[in-house]
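Participant: Chain by chain, the residues:
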Amino acid sequence: MDFPHLHLLLNHFPIIGTIVGVGLFLTSLVAKTEDVRLSSLVVFVAMALLTIPAFITGVGAQEKIVSDAGISNDLIQRHEGSAELSVWFMEVTGALAVIALWQSPRRRTPVRWNTFAILIFSLLTAGLMARTGNTGGEIRHSEIRSAEEGTAADSALSHFEPSPAKFTRLMIVNKWWWAFMMDMHFIGLVLLIGTIGMLNLRVLGFSKQVPIGALNRLVPWGIAGFGMNLITGMLAFIGMPTFYSHDIAFVLKIAAILLAVTALALFYVTGAFRDCEALEPGEDAPLHAKIIAGTSLVLWFAVIVLGRYIQPLQDSIAR
Amino acid sequence: MREASLTVPLFLNALEQTGLSTWLRESESIFGFYFILVFHTIGLALVVGPNAAIDLRILGVAPEIPVPALRNWFNLMWLGLAINVVSGIFLVLAYPSKAFTNPDFYLKLTLVGFAIWNLQRMKRQLFDDATQSESAMFAKGRTLAVWSLVLWAGVITAGRLLAYTCSYLVYGVPC
Numbered sequence: 001m002d003f004p005h006l007h008l009l010l011n012h013f014p015i016i017g018t019i020v021g022v023g024l025f026l027t028s029l030v031a032k033t034e035d036v037r038l039s040s041l042v043v044f045v046a047m048a049l050l051t052i053p054a055f056i057t058g059v060g061a062q063e064k065i066v067s068d069a070g071i072s073n074d075l076i077q078r079h080e081g082s083a084e085l086s087v088w089f090m091e092v093t094g095a096l097a098v099i100a101l102w103q104s105p106r107r108r109t110p111v112r113w114n115t116f117a118i119l120i121f122s123l124l125t126a127g128l129m130a131r132t133g134n135t136g137g138e139i140r141h142s143e144i145r146s147a148e149e150g151t152a153a154d155s156a157l158s159h160f161e162p163s164p165a166k167f168t169r170l171m172i173v174n175k176w177w178w179a180f181m182m183d184m185h186f187i188g189l190v191l192l193i194g195t196i197g198m199l200n201l202r203v204l205g206f207s208k209q210v211p212i213g214a215l216n217r218l219v220p221w222g223i224a225g226f227g228m229n230l231i232t233g234m235l236a237f238i239g240m241p242t243f244y245s246h247d248i249a250f251v252l253k254i255a256a257i258l259l260a261v262t263a264l265a266l267f268y269v270t271g272a273f274r275d276c277e278a279l280e281p282g283e284d285a286p287l288h289a290k291i292i293a294g295t296s297l298v299l300w301f302a303v304i305v306l307g308r309y310i311q312p313l314q315d316s317i318a319r
Numbered sequence: 001m002r003e004a005s006l007t008v009p010l011f012l013n014a015l016e017q018t019g020l021s022t023w024l025r026e027s028e029s030i031f032g033f034y035f036i037l038v039f040h041t042i043g044l045a046l047v048v049g050p051n052a053a054i055d056l057r058i059l060g061v062a063p064e065i066p067v068p069a070l071r072n073w074f075n076l077m078w079l080g081l082a083i084n085v086v087s088g089i090f091l092v093l094a095y096p097s098k099a100f101t102n103p104d105f106y107l108k109l110t111l112v113g114f115a116i117w118n119l120q121r122m123k124r125q126l127f128d129d130a131t132q133s134e135s136a137m138f139a140k141g142r143t144l145a146v147w148s149l150v151l152w153a154g155v156i157t158a159g160r161l162l163a164y165t166c167s168y169l170v171y172g173v174p175c
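Sequence order for the protein chains is A and B.
Numbering follows the working numbering, in which position 317 of the first sequence is assigned residue number 317; successive positions increment by one, without gaps.
Numbering follows the working numbering, in which position 42 of the second sequence is assigned residue number 42; successive positions increment by one, without gaps.
The hints are simulated quantities; they were obtained by calculation from the structure and are not laboratory data.
In this text, all values refer to a predicted model and were calculated from it rather than measured experimentally.
The beta carbon of each residue, even a glycine, is placed where N, CA and C say it ideally should be.
All the given hints hold, so there is nothing to weed out.
Computed spacing ranges between beta-carbons, pair by pair:
hint: 1; chain 1: A; residue 1: PRO281; chain 2: B; residue 2: ARG121; range: 22 to 30 Å
hint: 2; chain 1: A; residue 1: VAL30; chain 2: B; residue 2: THR131; range: 57 to 65 Å
hint: 3; chain 1: A; residue 1: GLY294; chain 2: B; residue 2: PHE114; range: 30 to 38 Å
Capping the alpha-carbon separation at 27 Å, the derived lysine-lysine pairs in DSS-like fashion look like this:
hint: 4; chain 1: A; residue 1: LYS64; chain 2: A; residue 2: LYS166
hint: 5; chain 1: A; residue 1: LYS208; chain 2: B; residue 2: LYS123
hint: 6; chain 1: B; residue 1: LYS140; chain 2: B; residue 2: LYS123
hint: 7; chain 1: A; residue 1: LYS208; chain 2: B; residue 2: LYS140
hint: 8; chain 1: A; residue 1: LYS208; chain 2: A; residue 2: LYS290
Extracted from the complex, chain A is given alone in its bound form:
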């Protein structure tokens, strides 16, 4: 299994998943069904996460096929530019969905501004993702080329799309900008471990006098830290894409992040959190909650370890 395989495996999810998410979300608005709304939000979050490896494997796939006969580098660049635009809309949609999921048990009705924002961003994402899929397909499939090229919508969009080469240069041209991104990446790490990490430790039995429900109120700060790291991490990747995609520690780090987020999600959706919330101070958490918390903790620290083994980064950029 190499990057082209992985890319083909992953790249359909953001496109189809976002459309499914939009469908569910619209259904929930019309039928006013909370369960369907929550499902659509979960779909958006999952797609926002799967978009990251889909994007990253694209760089690896590009390197593999760029010298093949019949492959146009211009088409690849156009696809990459389209992807770089849709990724950010996808991540905003995912972030809005996380906020809505957090608000859900605390509000009787969905928060209006967020419902509106999710609607707008998910629709834009669906459109941009479809375009990304289309421009990607054209790289290999000459039979679908040029149908919509030159249309007004096409030229308007390509105006906003970053030129991948320029975007890349922008990230690495100033070492102080790079240093700032890395600084934020570490501060995000601290927020994540200080909140989600401490919640996991409490579930495992450390400082049992702290009620888990109360500690949970810190988790949005951890998610904000994760968001900071997602943004700075993606920007760093865009700055030196081939450097990262060649590094096994980086690939494993991304895998560990996806698993760690899954573990965090499982903590809430399996009811482990509800069981923990009901505990009195000093009481031990149930075994299934401990298993999830332990796995989560190990994975977050694995992310730190693997991140540090992305090796020559400091040296190559600092000089």
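Assemble the complex: chain A is given as a structure, and chain B must be docked to it using the hints.
Facilitator: Just chain B, lined up with the frame of chain A:
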């Protein structure tokens, strides 16, 4: 080269020639330099992570958390601190000229000193006096919590900048 030997003290060169220092720098083993760096980052997470969470609590986030129950967290922070003192010494040992010729290195150490002092004051004033009322505790705690966040952010920033501001990589070799 000649200029370099004038500005960098000779003992740093001697330190760099020792077996341990050379091995830390040049070893291809995964237990070399980056292994130490891993510990330094884990230590950072264990010190600053819980401390930031305590600061947030004192500043009004998650008000249901009973503050005295967070007393145990200091053990974790002391552990993180110990890890970072040890791993920090090894990092300096690997690149002594790089560290000691960089003003940012002294800035970082100073900020670490103030941050630890602040942390100890927090422990003593907020956690060791069980008799004080909650409102008295929070009145004292706010300033300490703000300083804690500022100082640790400064430590992280100064630490991160070490990678971008050095003037010598090793003795006689400019960055």
